[in-house]
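Assemble the complex: chain F is given as a structure, and chains G, P, R, B and A must be docked to it using the hints.
There are 6 protein chains.
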Amino acid sequence: MPDQSLIRNLKEGDAFQGFLLAQEAAYKVSAKGSEYLELKLSDASGDLKAFLWDIRAIEGDMDAIHADVFLRVKGSVTSYNGRLQMKLDKARFAADAEVGDFSAFFPVSARPVLEMLAEMDGLIDSVRDPWIQGLLRALFVENGDLRAAFALAPAAKSMHHAYLGGLLEHTLSILGMAERACAHYRGLNRDLVVAGVFLHDVGKTAELSYQRSFGYTDAGNLLGHIALESEWISRAVGKIPGFPEELRMQILHIVLSHHGRLEFGSPVLPKTPEALLVHYLDDLDGKLEVMFRAIRDEAESGSWSSYNRALDRMVYRTRWPETDSTSESVQK
Amino acid sequence: MPDQSLIRNLKEGDAFQGFLLAQEAAYKVSAKGSEYLELKLSDASGDLKAFLWDIRAIEGDMDAIHADVFLRVKGSVTSYNGRLQMKLDKARFAADAEVGDFSAFFPVSARPVLEMLAEMDGLIDSVRDPWIQGLLRALFVENGDLRAAFALAPAAKSMHHAYLGGLLEHTLSILGMAERACAHYRGLNRDLVVAGVFLHDVGKTAELSYQRSFGYTDAGNLLGHIALESEWISRAVGKIPGFPEELRMQILHIVLSHHGRLEFGSPVLPKTPEALLVHYLDDLDGKLEVMFRAIRDEAESGSWSSYNRALDRMVYRTRWPETDSTSESVQK
Amino acid sequence: MPDQSLIRNLKEGDAFQGFLLAQEAAYKVSAKGSEYLELKLSDASGDLKAFLWDIRAIEGDMDAIHADVFLRVKGSVTSYNGRLQMKLDKARFAADAEVGDFSAFFPVSARPVLEMLAEMDGLIDSVRDPWIQGLLRALFVENGDLRAAFALAPAAKSMHHAYLGGLLEHTLSILGMAERACAHYRGLNRDLVVAGVFLHDVGKTAELSYQRSFGYTDAGNLLGHIALESEWISRAVGKIPGFPEELRMQILHIVLSHHGRLEFGSPVLPKTPEALLVHYLDDLDGKLEVMFRAIRDEAESGSWSSYNRALDRMVYRTRWPETDSTSESVQK
Amino acid sequence: MPDQSLIRNLKEGDAFQGFLLAQEAAYKVSAKGSEYLELKLSDASGDLKAFLWDIRAIEGDMDAIHADVFLRVKGSVTSYNGRLQMKLDKARFAADAEVGDFSAFFPVSARPVLEMLAEMDGLIDSVRDPWIQGLLRALFVENGDLRAAFALAPAAKSMHHAYLGGLLEHTLSILGMAERACAHYRGLNRDLVVAGVFLHDVGKTAELSYQRSFGYTDAGNLLGHIALESEWISRAVGKIPGFPEELRMQILHIVLSHHGRLEFGSPVLPKTPEALLVHYLDDLDGKLEVMFRAIRDEAESGSWSSYNRALDRMVYRTRWPETDSTSESVQK
Amino acid sequence: MPDQSLIRNLKEGDAFQGFLLAQEAAYKVSAKGSEYLELKLSDASGDLKAFLWDIRAIEGDMDAIHADVFLRVKGSVTSYNGRLQMKLDKARFAADAEVGDFSAFFPVSARPVLEMLAEMDGLIDSVRDPWIQGLLRALFVENGDLRAAFALAPAAKSMHHAYLGGLLEHTLSILGMAERACAHYRGLNRDLVVAGVFLHDVGKTAELSYQRSFGYTDAGNLLGHIALESEWISRAVGKIPGFPEELRMQILHIVLSHHGRLEFGSPVLPKTPEALLVHYLDDLDGKLEVMFRAIRDEAESGSWSSYNRALDRMVYRTRWPETDSTSESVQK
Amino acid sequence: MPDQSLIRNLKEGDAFQGFLLAQEAAYKVSAKGSEYLELKLSDASGDLKAFLWDIRAIEGDMDAIHADVFLRVKGSVTSYNGRLQMKLDKARFAADAEVGDFSAFFPVSARPVLEMLAEMDGLIDSVRDPWIQGLLRALFVENGDLRAAFALAPAAKSMHHAYLGGLLEHTLSILGMAERACAHYRGLNRDLVVAGVFLHDVGKTAELSYQRSFGYTDAGNLLGHIALESEWISRAVGKIPGFPEELRMQILHIVLSHHGRLEFGSPVLPKTPEALLVHYLDDLDGKLEVMFRAIRDEAESGSWSSYNRALDRMVYRTRWPETDSTSESVQK
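Chains as they are written, first to last, in the numbering used here: chain F, 5 to 336; chain G, 5 to 336; chain P, 5 to 336; chain R, 5 to 336; chain B, 5 to 336; chain A, 5 to 336.
Calculated from the structure, these hints are not laboratory results. A portion of the hints provided could be inaccurate.
The list treats identical chains as one, so a pair stands whether inside a single copy or across any two.
Stated by the list, open to error - Below, computed lysine-lysine pairings styled on DSBU-like, alpha-carbon distance capped at 30 Å:
(1) 32 with 91
(2) 78 with 44
(3) 32 with 15
(4) 161 with 32
Everything numeric in this text was worked out from a predicted model, so none of it was measured.
This is chain F alone, in the form it adopts within the complex (with noise of 0.2 Å):
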């Protein structure tokens, strides 16, 4: 992205000019019969509401305009009723490749992606058993694509975690909980608990579609995430000479359990403690994410979120001992 201001620094009266992502877009009819685009365009920042009022000012194909592109424009940001919104002076439909970086336009991980590299290899390197050490390393640091997709995937489409970076990011707080876990019940094989929570999640990044809008790809609809990793782990394990095959089919196991229940999709229930832990850890972190995150939305406001559909309930927003700044106290 260039040189332009970000949506979530605007104010009242500035001029913009710049690469926005149409997130809803619509040709509509005034009461006196005239046509106008309503948009709501974003950046990673934030979004809002857009309007051009006279549609002769759109520039080139005005059908290349729908939603999920990108479209250069250039106005100026009015308040109405107390919210931002951009009047247009001019709009046009922008190719992908004008606009650069895409991740300055979707929501990303708090946390740096080089860090978050570093702690996975890091968690790689500490792996005792020699052969569960040979998968990790083929899939997640010889594997230069799978490694460069895992550090981008979201974890989900929308449910949690569903930003740039989400996959890696919960990933490493489930292991980080895991590790507690296993000195904790020290019955756990943690070389096999690691290897379960790394593995897990990894068919994300070929079950969504997350370059632009985040949604499911072909095979995610048809084979889903725990088919799809389960693959590449007999494929990873074939190209192991030698890998014990007691381990492989524990290994998938934990992969193809960690749903916990057969109607979330899982064709087995976990059976081994190892996949009974890292069901829990996975289901637990997901469920945290969305629940600190609705209590330091700052968009919403009173002792409770609206209705969350991941948790299928509201989440009580008041902390004891009530602070003055929720949004700093919250989670690592």
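This is chains G, P, R, B and A only, laid out in the frame that chain F set:
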């Protein structure tokens, strides 16, 4: 099995000598304090109760006698309260090697294996899509071990087609119906349907153990047949250069979704007409087999079968028009 | 419908005069405070939006104009944002009697009614069991009102085959598959299956209202089609002296159980092979029709249909092998 | 039953001669190899175990002795571990004709049948709506077979009111509550409610077999009591010229919906106040009967009943205020 | 509410001046770009749409105008498409203190509060068990705050009896039915039932907020009314020396179990006859109220109500016998 | 328990004299008609079958001998079919008072009680929030009865930690994990979590009876442990002047919601991060205990445990890496 009488052919007063499989075995004590051995012995033709009243007549290790082993027994057939049973004079544990051909001791498909294999080969030859034919040939013709296992395995532990050869018989029966369905619903891709039916349960050859009594293998319990066969398909596809990714996905989708609902162990729902069809025909074939068996069952009498766990209901056994010999007229 | 253009054939700039069905109708007020009339108008070939900006141009009673009535309109076709719409100069309520043949205004089966009735009669003639043939003749041949309604009704309000003639088309399609299934599973009583298929949904002729928009009748909502058709069967049977009670029970059982599960409105589960088969083939036929329609739907593009409520999933529209004209090759 | 002692009145040392119903019968073999006959024998007052140690004392066909037949026995009452049992000297199969009045051998309502029939007739007379009164008279007064069966049948096989006369007793109890409910909720149509209660379970007279042990008939298993009684109502209505269709629908709706939920076998949900009321009062009456019986049950002791399958819970038997004789104070 | 017209009594052309509650409030922009204020305004007698086309006519803080506050408005009644609406000349925020008696702005029970309180007191006096009477007096007579809240609260946010006084009306209606049920099922302890009914929903006075629009309090969302009232009961019992522990348990059991099923929020199932009865009568009373209201609803026409979320079905509004004035004949 | 051998240490041929708990007791009759007494006797170290062949050797009241009482027995250890059993020469009922220390007869936590209590006290001391510390001290330090019960009770009747001291051990284990989770998810209020864990199951001290065999108390069955502990918390809070209402609500919310789902008996869902965490860690800890116990269980052999009702599955007992002594390496 060497030359010995079939259980089904025994009559009161017959002497018997030979190998039988112990389905149940328990040492009991009479009220007088004397021990005796109570057995349920079987061959492929049936089973009966047997008693050895003087345990000193046991040769060799008493503790080697338990469920699921073969015994060498000698005794005579008596009748008690209208049922035949066997009074044993001698009994000893018999190693598998002594027994020879196991299949004489297990329920087996009524269709000859060679006939079924020939039908299978004909169906594979009839596939016009070269990729699909290549995949099926690789798994069911060229892979001798899998071909042999596919001809031997039951279709389930106990729910339906639970006998040796049952998996192949069940597969061929669905294929027959699938052929007819493709002639009826002409929008269906017949070759894709054939592939889906052939592959939908092939993982049961590794999910189930059926060398002796029927059960689940470790891999069966930990991974399930859907995950097993998905891996095999991907591996076989990987050895066919140029195999179209779209086709691989469509085939895997049929396999992954064929249980029809998440809570039945399919991680995805059927989302193509071919996947939907395979699910319905598989389910229908299994349930019809159970119903017809309940209707034919000579051990039952009256209008109603006993409660059938696979169907979660009783089956109405009266046929319309009411005929003398229900056992003849049912199922091909 | 007198001589007027089909909606599907209209082009921008065309003048239009004729009857159209109002699917939606609402008086709205513009920001300036002037009222206008916004409509969605349809004939059997399609629908489009229409606007009447000056409500003084409405002839007759304004309040008579609402959803589900016919209108007589005059106007011209305009184009807005790539979609055709109609700008009305005049509009008035039109009584049903004026309109004439309703079927010109509703979606209708692609199969000619007479062809379907002939196929139906042939099937009834093919029944060898005299009692069953007698029952089917009484209901579908000799009862002229029921025969007419059976040829006209849709198979459902919106789930599948939701068009005039859909009930008959759906019934014949299941009968085609049932014929094939009886050739495959030879233990089935083919005549009993034929009776079950013919009768399983015949109550929909009274459960649904389909003279205009599709909905439920009072009897449909209070009793449901299963209770309705059960009564009709019993009444028809009552007029056939000597009809065997056993057969009456077996037929009623198929009808009562054909939804397959209690929670889907069947008071009993299928307990005979014939009842089981009818349930599966009915369910399969309805769902395949929905899938093929979603695949053929020209209003959609891309690999995936929009979310389909009848199937509770999206449908994968890409066919293997990928062809140019999917719309030709699907379903007979 | 001719002149013979009631089981409930037997004491240790008594001689006994007479007919008893065999609820269970099995030939067993002792550890010494001798056969004996073990029985559970009952009359309407109770049951006890019985043994015949020498099977040569059986007169007639040994195989005729099995569960659900009458036996003619001679023996003496002994006591074993605090419980009475019977040591038999003789036993033989007894044909039904010999036995005479069956009702002496089955549990029976505590309310006299004639009293209940009189109450029923009074209620029918109290109906002011002539159509409803006509329908009820046709079924319960003029149809002698149905009247007799309605007075004899149990209300369920085992869940509640499972004794002869139980259906009528249950129906009258609901009617009593319904009368009171209609006085309270004055918007209810009392006559419609009365019709619904009378008819809601009348099909049980054909769903259940209760001539001997309680079970389901073929029609009961294949169609269910709701379908049976719906047919009877329609048939009876058909014989009343001019019976209003609206009323027929409202009555049938109550009957069809009275199980309250689809998964409990009602094809439609209650959609009128009268249907809702009948569902609740029916359900409540059945469950209260089960609870009060569990509280009164003299075979139990302690605060808690054993697990009750009809309620899927244990019942708390302690009453407030705690009295000496719980058996007196409960239920009318 | 000072002297002002009721919404129900307004006619086209009337001038209006007074306080109204804003149920909805939104600033909108017309296609011409001018802002206007769209409102839904209500008093206890009804609601209507209102528009203020020139927002400069708003007095005071524009942002103070939002849903759930009172407004002081001046305008005139117009008619649009057959419905009355209000064209405002002036509007301003009004503080609660100005408005005076809130109850004039909310739906309220048709029964006078004093009459209901008198009935309640009579019922408490009729309790013969001194412990139970003492407990009820402590909560509903001696605790003035609770008595006042109990007389004011609705029975639910929106499901049934959702109006001021609804909780007391609902409670008294159940008590009426309970009285009749205890006369019918004589094994029931009437005083225990009375206690259970009185207490089963009393926690709703703290679970719900109903000073303005109806909603849940923090305690309501975090603890629920069952936990709230359980605590109050225990606290009140704690202040009555010698209160029998057995009785306390039986009362708490009724309260805890009155939702009847765990998934409806009862931590235990009803295990006494009294608990079972209270559950059924509570459920029945709420659902009947909803049904009768749907039948009486003058805003609806036709045989069927619109879909009712509380019942998850539509209600059949046609009454038998069909009368002219359904609104008169229903519910006491 | 006075000086007597532990059951686990008995060998064939040993004489035995002492007290044992009768887990099962039945008078049986042999085929010869002689009565004998069959028992299952236990102490904390194990159980074995016992027989008294001559019931005249019973001293005192025969009827006093039944399940759940102590017996004084004298006999010798024999071996039958590889298992030890006891042949009794004498037996008599023994009053509890004779037996002395009950805990010698029940399974007990492997962790010493004093050590656990010290750990508990340390954790309470570590709480920095004075209100929370005060509440925990009031219940677990100052209330001697509750402290004693909390140290003695099992965590469940049979599902997990079903042994004396199990509740405290389970609580401390969750606290250990909770401590680690709060270090990881820094937005959590650690003191609130500690309170929630301490209190979540404390009501089990009154829900369960564990003086003898484990069962439910009347209060347990009628109210459940969640209602019991909610009341205790409110009562304890009531004695701490100034305790903040917000904090009371947050603590009660954790307790009420800790079963995580309504159908598992929580009347509300977890709506705060702390409540969510306590639910997950509680559930995980119980299930892991069950899994590790199944893996360690010396009575089992092979890769798979028998079906485990608490988990509704079998547990895979093979550990990776496969070690000789699984029983050593598991769980702290």
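Each hint tested on the structure:
1. 32 with 91: both (15 Å within a copy, 16 Å between copies)
2. 78 with 44: Cα proximity of residue 78 and residue 44: one copy only (14 Å, versus 37 Å across).
3. 32 with 15: both (27 Å within a copy, 21 Å between copies)
4. 161 with 32: within (29 Å within a copy, 32 Å between copies)
Figure legend: structure checked against the earlier numbered hints; every hint is met.
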